[in-house]
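**Q** Put the complex together from the two separate chains, hints included.
Residues per chain are reported as follows:
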Amino acid sequence: MKLNSRIIAPAIIILFAVGISGSIAFNLWQTAGSKSAADIKTPADIKGSKEFSIIAEGLGIPLADMLAAFAITSKTDLKCMELEKFYSGVEGGEIGTDSVKLFASLYTGLPHNPEEDTRLPMQAYDVLKQHIDPVVLESNKSRFIEVKAAAVLPAEPQTIETNTASSGAVKSESETHDSTATDAEITGKTTFQDLVNRGVSKQEIEAVTGPISSLSDTIKSTAEAKGVEFSEWKTPLQALMNSK
Amino acid sequence: MAKKPKTAWIRLTVQIIFFALVALITFNHTMSEAGISIPFFESASIHAICPFGGVVSIYQYITGGTYTQKIHQSSFILMYIVLAAALLAGPVFCGWVCPFGSFQEWIGKIGKKIFRKKYNNFIPKKIDSILRYLRYGVLAWVVLMTALTGKLIFENVDPYAALFHLYSSELAIGGLIALAVVFVLSFFIDRPFCKYACPYGALLGIFNLFRIFKIKRNEATCISCSKCDKECPMNIEVSSKKNVLDHQCISCLKCTSEQACPVKNTVELMTGKMEAKDEA
Ligand code: SF4
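Order-wise, the sequence lines are chains A and B.
Just so it is clear: in the first sequence, position 107 is 107 by this note's numbering, and no numbers are missing.
Just so it is clear: in the second sequence, position 275 is 275 by this note's numbering, and no numbers are missing.
Honestly, the hints are just simulated from the structure, not real lab data.
Predicted, not measured: the structure shown is a model, and the values here were computed from it.
One or more of the hints may lead you astray.
What the hints assert, rightly or not - Below are the DMTMM-like pairs computed for lysine to aspartate or glutamate, each with C-alpha atoms no more than 25 Å apart in a straight line: (1) A/189 x A/146; (2) B/151 x A/229; (3) B/109 x B/246; (4) A/2 x B/275; (5) A/41 x B/170; (6) B/151 x A/117; (7) A/79 x B/219; (8) B/117 x A/39; (9) A/85 x A/117; (10) B/151 x A/57; (11) B/113 x B/231; (12) B/151 x A/51; (13) A/2 x B/219; (14) B/151 x A/133; (15) B/125 x B/275; (16) A/2 x B/229; (17) B/242 x B/229; (18) A/2 x B/246.
Said to hold, decoys possible - Computed footprint of chain A on chain B, listed as stretches where at least three residues anywhere in the stretch have a Cβ under 8 Å from a Cβ of chain A: (19) 10-23; (20) 78-84; (21) 92-104; (22) 254-268.
We put the beta carbon where it would ideally sit given N, CA and C, even for glycine.
Here chain B stands alone, though its shape is the one from the complex (with noise of 0.2 Å):
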């Protein structure tokens, strides 16, 4: 079999440009609060380039005009490219994007060192199944108590608010304790917070049921190697599927044949019918 091209670093390159990004906008916001910024450089709070801030002020948005406290439109605008992204390839946001998503990523990288087969495996499948769904009940809290309120309710257990007002003196001591526990977990779980309480993660999960590129297996070509189903970050059993339309699935492509499947076209992102003859 011929050896693939190496291909991790792509999605590694996009993860820190966004998450070097966010970081810097946020820094330059603190400082501007301070009467220091860096020139010609975007400054602005993690809340107003939070795409999850649209998604939580549209009721207050429909019904009265206005934003919720501390969003703003650039958070709208950010959550129609969001949902764009996710129409069509489901949550790359999630898999490409969000810089909490990378930072818990870039932990479970030591906990995989530390743990090696049994890292991400720990909590029985009955049960980690069930927790799965425990953030559409976050989704539905968050979004309930942003429209009764007219307050970023999230805000004070957020963990990746907490991550990027680390140096700041917005730091809520709720977010900062979240942020502790997720830190801890991601050396035991790839990507903790977006499994099991992500609320956007959670709305961005229902598009994997009907998104235009979808995760494609190959029934004619597998070898049942099951090596997709131990590089997913999100534990989906792709060998046992036709079409991934988990909705936990976050589109990182770790499972197809550019990266774990050794066989050429046999797990693909890609949209119309995988056909018998797209065999290597």
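This is chain A alone, in the form it adopts within the complex (with noise of 0.2 Å):
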């Protein structure tokens, strides 16, 4: 049997049309992973596809407080690239991705040089203002804007009970512990099992951490089994979780 070039190039196509999408169909095509907050030391390290969970565990600022900053009601978290289609009718400059790095640099103190037009709704500041040297906002004031947040954020349903009834700023930690979904929060004695009985299936855990042989295995013993840190996987399934 003879192959010529007629037959290969047909053939080398099909092969990885039919591999891809078999593989697609299957759930088995995965081209990013779980995003390790420990890649994030910097706002230099923030990128539009990394979600504010992740960020702000990679520089030690409270996830409500990045949320609040972005006036962000409606989601327990988001990509930063999502800001942009959130914002994109505002005028006076632009809130996206390098308005994320710029609340970042004024909250933690690290160096960022932020784009001419990158601007931060004014919520950030009332953030800002309990953390940072009243001189240093102060000297950045003119990158604020007045944004009328309802106008802007879409109208999503809500996933954590005691934002429902907010339309302003994100409650504090303290305040969201009492949710219910603080009830279903990952610990050290969750199993693989729990995340599947709220609805998250196999195949999406298994995104986060690779094949797993026993869903009655704690996530955290799976995670030190692995040398992964817990904290790596319980993000991203905490936000998986949620989602359902």
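**A** So, in structure tokens, the structure goes:
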């Protein structure tokens, strides 16, 4: 049997197409992994694809402060790039990934050179007021603009009970601890089965953790056995569970 | 002798398709990091769509069940696809798919116009044949260091990654220097990186020893014109072999009766015995 160009060319394309689409169909095609908070050490490490929760953990900023700074009341986590969609109609500058970098820089004192038109919502000013030197804050006053949160944020179902009534800033962490979401918080004792019971599929879990041998194992012990920080899995799994 | 239909465009088309796909996917990835991306189009880092990532990650995956930094399941799936293709027809990935191989080949076309017969024949044979084993050293170093560190060690000097990071903040200076070196060498040598340094090419090259479809030459019909030798980008002396088992063959089919060989059914990619009756 002979092969020539006219056979090899379509065969290669079909082989790749079938292999990739087959793995997509079986939920095996994954081009990105769980992003580790350890990767975020400075504002420059913040990318559009990074979640607030990862940035918060990496830079040691309370997630509630980050969400409040960007007037995010309808979500418990989001990717930086989503901000541009939320604030697309804003006049007087841009609120997007670079704004998160600027906020993180002001909050932590780590250096960052923002773009000229990078802006922060006035809500960020209120958050920063409680944490940073007023002189630094004042020198950046021109960066803050008034945004009507209700007008720019998409109406999405509320996922944390304590947030449902509020259209203003997100409640503090201590307040959210009383919510039903806290009841479902992943702890050292949580097993993979607990996640499945809350509607997270095994494939979704494995997308974060890689293959798991037994659903009855605790997440923490499995992470430790694989030499992975528990927090590296906890954040994306918590986000998955919250989204159910 | 009847004029043969030209088929070189077929491989070129496949190469362009894969090059464009990889360029678009990685460009989309860079754009999405900045918050803008092409809708409904895959966005992935160059590492996530590199089948070699699967190879370097194997140790960590087997021992710890995790992937090496920046490597994902997609790399493993691509690795399986490429290995299956190699088992069948050798390193077709190198000759038909790899965008970096295509990049070198396209630059080489300019070199061929400039240097003509001297092109791809600058390095003395003795030295060249030793240098050809260098890539196995690179392969061993990459696999070992990745296993020891859990990091993509090769990334910092990888010219392939650098090519698709030219518009990204992830561009490593070591990779950029390697890319510049390969770029310049490609004017003189056909596929210099593939020949001397590519760790993945080294691995796939081993499949040439036992692949199912092999490049075979019919000694009975061969007129010893050596056109196959001259066309081979990897400088393999096809005219002196019955079966091409050379670890450097990239299954490009340039030597076959479909392209360089002027005699029908004399150099073929095939399985089974080459019969004398295969004569034209
Ligand atoms: S010309 Fe023939 S021997 Fe040389 S690399 Fe291509 S297929 Fe292999």
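**Q** If a hint holds in the structure, say so; if it doesn't, say that too.
**A** Checked hints:
Between the alpha carbons of residue 189 of chain A and residue 146 of chain A the distance comes to roughly 44 Å, so the proposed pair goes past 25 Å and is violated. With a C-alpha separation of about 16 Å, the suggested pair residue 151 of chain B and residue 229 of chain A falls inside the 25 Å cut-off, and the hint holds. For the suggested pair residue 109 of chain B and residue 246 of chain B, the alpha carbons sit about 24 Å apart, so the restraint of at most 25 Å is met. Between residue 2 of chain A and residue 275 of chain B the alpha-carbon distance is near 12 Å, which keeps this suggested pair within the 25 Å criterion.
Simply put, residue 41 of chain A and residue 170 of chain B have alpha-carbon atoms about 16 Å apart, close enough for the 25 Å limit, and the pair holds. Distance check on the hinted pair: residue 151 of chain B and residue 117 of chain A sit about 37 Å apart at the alpha-carbon level, beyond 25 Å; violated. Among the hinted pairs, residue 79 of chain A with residue 219 of chain B is inconsistent with the structure: their alpha-carbon atoms are about 64 Å apart, more than 25 Å. This hinted pair does not check out: residue 117 of chain B and residue 39 of chain A have alpha carbons roughly 51 Å apart, beyond 25 Å.
A hinted pair counts as satisfied when its Cα atoms are at most 25 Å apart, and residue 85 of chain A with residue 117 of chain A qualifies at roughly 16 Å. For the given pair, residue 151 of chain B sits about 22 Å from residue 57 of chain A by alpha-carbon distance, which is consistent with the 25 Å threshold. Restraint check for residue 113 of chain B and residue 231 of chain B: satisfied, since their Cα atoms lie roughly 14 Å apart, inside the 25 Å limit. Proximity of residue 151 of chain B to residue 51 of chain A is assessed by CA-CA distance (about 23 Å); at most 25 Å being required, the pair is judged to hold.
A threshold of 25 Å between alpha carbons decides the hint, and for residue 2 of chain A with residue 219 of chain B the separation of about 17 Å falls inside it, so the pair holds. Of the supplied pair hints, the one linking residue 151 of chain B and residue 133 of chain A is violated, its CA atoms being roughly 39 Å apart against a limit of 25 Å. A hinted pair counts as satisfied when its Cα atoms are at most 25 Å apart, and residue 125 of chain B with residue 275 of chain B does not qualify at roughly 33 Å. With a CA separation close to 21 Å, the supplied pair residue 2 of chain A and residue 229 of chain B stays within the 25 Å bound.
Between residue 242 of chain B and residue 229 of chain B the alpha-carbon distance is near 13 Å, which keeps this suggested pair within the 25 Å criterion. As the CA atoms of residue 2 of chain A and residue 246 of chain B are separated by approximately 19 Å, the hinted pair is consistent with the 25 Å bound. Residues of the stretch 10-23 of chain B with a Cβ under 8 Å from some Cβ of chain A number 5, which satisfies the need for three, so the listed coverage holds. For the stretch 78-84 of chain B, the assignment as covered by chain A holds, since 4 residues bring a beta-carbon within under 8 Å of that chain's beta-carbons and 3 suffice.
Requiring three or more residues with a Cβ within less than 8 Å of a Cβ of chain A, the coverage given for the stretch 92-104 of chain B holds, as 3 such residues are present. Under the rule that three or more residues need a Cβ within less than 8 Å of chain A, the assignment of the stretch 254-268 of chain B holds, with 3 such residues.
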